[in-house]
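Using the sequences and the hints given, assemble the complete structure.
Chains A and B are the protein sequences, given in the same order.
Numbering of the first sequence is given in the working numbering, commencing with residue 374 and proceeding in unit increments.
Numbering of the second sequence is given in the working numbering, commencing with residue 280 and proceeding in unit increments.
If you're looking for bench data, these hints aren't it; they were derived computationally from the structure.
Keep in mind that a hint or two might mislead.
Here's a subset of chain B near chain A, in silico, CB distances under 8 Å, partners left out [said to hold, decoys possible]:
no. : residue
1   : 301
2   : 305
3   : 307
4   : 315
5   : 321
6   : 325
7   : 326
8   : 355
9   : 357
10  : 365
11  : 373
12  : 376
13  : 389
Have a look at the derived ranges for each label pair, beta carbon to beta carbon [said to hold, decoys possible]:
no. : chain 1 : residue 1 : chain 2 : residue 2 : range
14  : A       : 419       : B       : 367       : 27 to 33 Å
15  : A       : 436       : B       : 360       : 50 to 56 Å
16  : B       : 301       : A       : 735       : 17 to 23 Å
17  : B       : 301       : A       : 860       : 46 to 52 Å
18  : B       : 360       : A       : 575       : 40 to 46 Å
19  : A       : 818       : B       : 367       : 16 to 22 Å
Built from N, CA and C at the ideal position, the CB exists for glycine as well.
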Amino acid sequence: MSWTLALPLLIPFAGAVAALLAPRLGLRPAAIGIVTAGLHLMASIHLAFAVVDGGILASGMGGWSAPVGIVLVADALAAIMVVVTGLMGLAIAVYAAADIDGARSKAGWHALYLALLGGATGAFLTGDLFNLYVWFEVMLIASFGLMVLGGGRAQMDGAVKYIALNIVATIFFLAAVGLIHGLAGTLTMADLPGRLAATDAPMAKGAAAFLLFGALAVKAGLFPLWFWLPAAYHTPPVAVTAIFAALLTKAGIYAMMRVGLLVFPEVPLGEILLPVAIATMVLGVIGAAAQREVHRILSFHILSQVGYMALGLALATPLALAGAILYMVHNIIVKAVLFLIAGIGRRLTGSFDLARSGGLYAASPVLSVLFLLAALSMAGLPPFSGFWGKLALVQAGAEVESWAAIAAILGVGLFTLYSMTKIWLQGYLKPHPDGRARGLDALPAAARRLLLAPAFALVGASLVIGLWPGPFIAAAEAAATGLTDPQPYIRAVMGAPV
Amino acid sequence: MEPVLAFLAGLLAATGVYLMLAGHMLRVVFGIVLLGSSANLAVFTGGRLTESAAPLIATGSSLPEGVVANPLPQALVLTAIVIGFGFAAFALALALAAHRRLGTVNPEEMLVAEADAGPKPQPVVAPEPVPAPAEAVPEPATAAEKERRKAA
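In structure tokens, the structure reads:
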């Protein structure tokens, strides 16, 4: 067992237990949340450096090697995702220390939050299909808890839809895993392509692939399986929505990339995924344009932007995948920070509803600048972080002459700009209808620091990616190469030490 | 034996889907349970059914002797049953909580989170929430009430 691989998994769960026990020990769960998330980020960065130095890292757990035991694997893509998970985990844990009220905190909010981080990390690191299912369940049950904790009427309403649809998706996932195991006799993802290619049951393979991609499409929020997301994401506290927006749908896309390109290379995924991705992008952004509350606009934009990542997977060239991965990293950071800023904005204006808020530019120039930077980055304007991923996707679309994809990327970008402009005009420039927009100094000093620090850090991270994209593009290209040429991954897993 | 179990899995899935289409949270939960059982059965059957001994390894040996059943699908199903059981319990609790807070068990009528979407708000169909049973401790409504309870 490699501690480098296991630590990013062990830390969040140890922290979750500590956060549950904290009230009895006289400690603050929020503080444990921040410390654990910080350690998790450090372990993640350590893992990433190990991958940069030594290539793909794989290790069998529990004393069994592949293909019998469960193997944890960190290739470039997994390492990138784990580091981003660590970054978002820390930023939102800090924000949550001020955002989550005492009742939720006492009911175990921070423990569930850390379990969610652990579940996401596990999903990114596992090399076993059934284990992937289990990590998705861990993520899901933690997200259920976060979804309903302290819930009023709206939260319960959103939770019912979120939970019903997500449970059905995981059942499909399980059925697909069962079929695949029946066909191939193994569940180690690196062992599956060879074994599946040797079986002669196209119908069963097709059924398993259909169930699996259907389940992952629900998780990723792809059209037309996305209804749970806009029904639920605006109901819990902002910190919950931000971590959901950062991790849940992206874990679905990550699993699609992994499974689609490694396990089912012969399935013509792109033919189905291309129209689905374009429909997701276009309809998501149109849905956003119809909303008039900041957090609902942002929720619909999650869908539209997941479409970009699915588009990269549909084109499936190394450039398109690199673009999708770069876009995913950018989007995780910027989407979450927009939610965090929207949450601060609501504290200052009293409402998410654009008609009942305004005046933030006059009341709080600092918040306005943060929002503007994040919003322009989200719309994909140069030189912000969203630009580079989109540029790579457009180039990839031109290479394979998929003009519909290019038209969708550019058109949806324009609509995204429209939504961001709408928030800017109505939430920031327009005077508040009641003249009640307060400045940041109206917040208690401690809460102000906790709320603003993550916003500054994440906007800063987005600016760094935008202005100094070289290393990030190189990392995304390395991750994309690992997806299109899975042989090194397969060799690393099948020869993994115990 | 496999065709029988495959048919049974299909029947369970069909019944589960039928129940989930009903406008009642409890039926939806039962539908989820049946659908989950169908998937569990599919996993089990997918792992091949054999007339063979239990996969037990004698002391001092590292391999079982003779033909034994495949233990992996059983382990998978056991995990999935536990997870599914947790989900079912959670979904039931949620159905109860939603019924108490929203006053309806019909997901179609749960429009609180969507009431203010779009230019024309839909009226909330939900009637007055049903009061919680006497033995359940109602949530403290105000900070003052919380203080009073703490003092008591």
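How the hints compare with the structure:
1. 301: 12 Å, violated
2. 305: 12 Å, violated
3. 307: Since the shortest Cβ distance to chain A is 6 Å, the answer is holds.
4. 315: 5 Å, holds
5. 321: Nearest chain A Cβ about 5 Å off; hint holds.
6. 325: With a minimum Cβ separation of about 3 Å from chain A (threshold 8 Å), the hint on residue 325 of chain B holds.
7. 326: 6 Å, holds
8. 355: 6 Å, holds
9. 357: With a closest approach of 12 Å, the residue 357 of chain B hint is violated.
10. 365: Because about 6 Å separates residue 365 of chain B from the closest Cβ in chain A, which is inside the 8 Å limit, the hint holds.
11. 373: Since the shortest Cβ distance to chain A is 6 Å, the answer is holds.
12. 376: 6 Å, holds
13. 389: Nearest chain A Cβ about 4 Å off; hint holds.
14. A:419 with B:367: 27 to 33 Å: 39 Å, violated
15. A:436 with B:360: 50 to 56 Å: Distance hint for residue 436 of chain A, residue 360 of chain B is violated at roughly 25 Å.
16. B:301 with A:735: 17 to 23 Å: 53 Å, violated
17. B:301 with A:860: 46 to 52 Å: Roughly 50 Å apart at Cβ, these two residues keep to the hinted range, so it holds.
18. B:360 with A:575: 40 to 46 Å: Distance hint for residue 360 of chain B, residue 575 of chain A is violated at roughly 31 Å.
19. A:818 with B:367: 16 to 22 Å: 46 Å, violated
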